[in-house]
Amino acid sequence: MVQTPRFLPCGDSALTVEFGSAIDPELNGKVLALDALLRASPPVGLIETVPTYRSLTLQFDPTVTDYEALIRQIEGVARDLQPQSSTGTRWRVPVVYGGEYGVDLEDVAQRHSLTPSQVIEIHSNAVYRIYMIGFLPGFAYLGGLDPRIATSRRTQPRLKVPSGSIMIGGEQAGIVPMEMPSGWHLLGRTPVLSYAPERDPVFLFTTGDEIVFEPIDSARWDALEKAALAGESVAERVRG
Amino acid sequence: MTSLVVKSCGPMTSLQDWGRIGYQRFGVSPSGAMDRRYLAMANALVGNAPETAAVEFMNLGGILTCEGGELRLALVGAGCTASINDVLVEPNTTIALREGNTLQVGHARTGTFAYLAVAGGFLIEPQLGSLSFHPRSRLGGLKGEPLKAGDRLPCKPDKQDRAPMHLPLDPSQETGPIRVMMGPQDDYFTEDAIRTFLSAEFVISPQADRMGFQLNGPQLEHAKGFNIVSDGIVDGHIQVPGSGLPIVLMRDRQTAGGYPKIATIISADLARFAQMRPGSPVRFRAASREEAVAAARQMKEWIAALPSALVPLRFDLTTEHLLSTNLIGGMVDALSHKASDHSA
Chain A
1 MVQTPRFLPC
11 GDSALTVEFG
21 SAIDPELNGK
31 VLALDALLRA
41 SPPVGLIETV
51 PTYRSLTLQF
61 DPTVTDYEAL
71 IRQIEGVARD
81 LQPQSSTGTR
91 WRVPVVYGGE
101 YGVDLEDVAQ
111 RHSLTPSQVI
121 EIHSNAVYRI
131 YMIGFLPGFA
141 YLGGLDPRIA
151 TSRRTQPRLK
161 VPSGSIMIGG
171 EQAGIVPMEM
181 PSGWHLLGRT
191 PVLSYAPERD
201 PVFLFTTGDE
211 IVFEPIDSAR
221 WDALEKAALA
231 GESVAERVRG
Chain B
1 MTSLVVKSCG
11 PMTSLQDWGR
21 IGYQRFGVSP
31 SGAMDRRYLA
41 MANALVGNAP
51 ETAAVEFMNL
61 GGILTCEGGE
71 LRLALVGAGC
81 TASINDVLVE
91 PNTTIALREG
101 NTLQVGHART
111 GTFAYLAVAG
121 GFLIEPQLGS
131 LSFHPRSRLG
141 GLKGEPLKAG
151 DRLPCKPDKQ
161 DRAPMHLPLD
171 PSQETGPIRV
181 MMGPQDDYFT
191 EDAIRTFLSA
201 EFVISPQADR
211 MGFQLNGPQL
221 EHAKGFNIVS
231 DGIVDGHIQV
241 PGSGLPIVLM
251 RDRQTAGGYP
261 KIATIISADL
271 ARFAQMRPGS
281 PVRFRAASRE
291 EAVAAARQMK
301 EWIAALPSAL
311 VPLRFDLTTE
321 HLLSTNLIGG
331 MVDALSHKAS
341 DHSA
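Quick mapping for you: the protein sequence lines, in order, are chains A and B. Letter by letter, the first sequence follows residues 1 to 240 in this note's numbering. Letter by letter, the second sequence follows residues 1 to 344 in this note's numbering.
Keep in mind the hints are simulated off the structure, nothing from the lab. There could be a bad hint or two in this list.
Claimed, not checked - Think about it this way: if two alpha-carbon atoms lie no more than 30 Å apart in a straight line, the pair counts; the simulated DSS-like pairs of lysine-lysine are: (1) A:K160 <-> B:K159; (2) B:K143 <-> A:K226; (3) A:K160 <-> B:K143; (4) B:K143 <-> B:K159; (5) A:K226 <-> A:K160.
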């Protein structure tokens with residue numbers, strides 16, 4: 001389906017190119033395709049692009065270029081974009097499920113009349129796509145959660161969710177980059193640090209990457225956490 | 001090497017420059033000075049490029065000294081006073097701080113944010129291309145920390161001449177409604193809500209910080225719910241959550257959000273808005289793109305012209321100025337007169 005994007009003004013220095021209103025891999029693929037094009041050959045005056053689920057926000061210097069000029073430059077390509085399929089890196093992320101690592105595992109299992117190991121199996125058999133990164137540095141919004149374990153958010157958000165928490169909220173999934181408040185359910189925890197300001201690379205994942213989760217035994221936690229804190233990625237690149 | 005030493009300061013004191021560009025795609029807010037006008041003025045006074053990092057004071061001042069040599073500094077903004085060893089310094093002038101002397105920065109009187117620039121800038125490694133401190137990212141400043149008592153900020157060598165300068169400008173005299181451009185999601189609001197937004201008086205609530213300013217006032221009614229699929233946010237976006245009360249997103253904002261944004265403050269008016277204190281009334285007026293771009297261009301030119309607006313400190317004390325009225329009053333008049341010329 002070909003959708004003409006909408007151009008939304010964001011003040012004098014930015015605009016948003018909106019491909020649709022849904023959380024959908026094809027729409028997100030178009031966002032990433034336009035983002036890649038603009039990054040490969042940036043129009044004069046373009047400062048920064050920010051890809052989100054279904055739109056791309058462009059920040060520009062209004063004294064160098066303008067809204068109309070930018071729209072003219074991207075209108076044609078935006079209309080005929082081929083959605084970028086997940087060509088990014090696929091990461092295997094080790095997770096200790098349940099217990100103190102994932103305090104909501106049993107509750108989520110009960111809500112869906114499943115056993116905790118069935119939830120683990122369903123959660124770790126999916127391939128997740130990073131639709132966008134936001135809210136906090138390195139916080140990846142993952143699509144691809146199996147609807148069988150989709151769970152509406154907690155009525156009472158927690159003020160503190162530990163770094164590395166593997167959580168689900170509605171049909172979304174996420175990896176927590178640093179201690180944060182959240183109303184999502186905690187299934188497990190990974191020693192992987194998706195954001196580490198003193199590490200190179202600072203950010204592990206990028207929008208368009210894929211994530212698969214690998215259940216590991218809690219006995220491996222200490223060694224992996226130590227490696228992660230020493231600056232190792234701990235997540236394994238399985239593709240890209 | 002000379003260092004600026006923090007003896008005491010308010011909890012929200014931080015290093016800020018023009019902001020961190022290129023990392024919003026990773027969820028890192030751009031941050032940067034809440035008032036680029038005053039940052040640029042402070043930098044101009046000590047011969048720095050306008051975007052050079054300076055100490056940003058929020059409401060509260062502080063006490064600073066130096067070690068290992070002498071520093072040329074300038075403090076501009078929010079009516080903050082500077083005094084050296086308890087002697088008040090002329091506003092908007094270059095300050096010489098010698099080892100053993102104490103610089104006291106007073107609290108904000110006419111706004112919220114003031115900037116202390118040091119000639120040559122700080123000799124501190126930027127993180128992700130910027131010295132701007134952002135608390136949630138733990139980036140900028142000294143290793144991702146706010147400034148606090150005991151911090152030593154190493155300074156680059158000062159290569160400029162040492163004649164004390166004065167900048168007879170005061171952009172705080174600008175008044176009138178804050179100009180906005182409607183969108184990106186003004187279609188999520190009723191016509192009534194848009195009319196109210198553009199005509200009513202709002203008040204800056206006490207919930208106002210570097211991330212955002214919550215406004216009190218009439219509630220704005222959504223036409224089709226208040227949840228959108230999260231999309232990109234820019235500085236000055238005015239989002240309206242379920243409460244119907246607008247929140248203006250400022251430099252430390254999140255990079256994406258799921259509330260509809262009724263309008264965006266134009267870039268040229270953002271600094272003026274940032275200086276409004278809790279309790280201040282604020283009105284909004286819709287501006288055309290032409291007006292907004294013209295204002296952005298004017299602001300850019302105003303900043304670029306700052307070095308040429310500098311006058312030697314003694315120059316201002318000519319008979320012409322002194323004769324206009326008594327000595328002190330004459331100085332104040334001269335300042336405000338020139339200011340209105342430049343900010344018109």
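Here is how each hint holds up against the structure:
1. Of the supplied pair hints, the one linking A:K160 and B:K159 is violated, its CA atoms being roughly 48 Å apart against a limit of 30 Å.
2. Proposed proximity of B:K143 and A:K226 is supported: the alpha carbons are some 21 Å apart, at most 30 Å.
3. For the proposed pair A:K160 and B:K143, the alpha carbon gap of about 23 Å is at most 30 Å, so the pair holds.
4. For a cut-off of 30 Å, the pair hint linking B:K143 to B:K159 stands: about 27 Å separates their Cα positions.
5. Among the hinted pairs, A:K226 with A:K160 is consistent with the structure: their alpha-carbon atoms are about 22 Å apart, no more than 30 Å.
Checked against the numbered hints given earlier, the structure breaks only hint 1 and satisfies all the rest.
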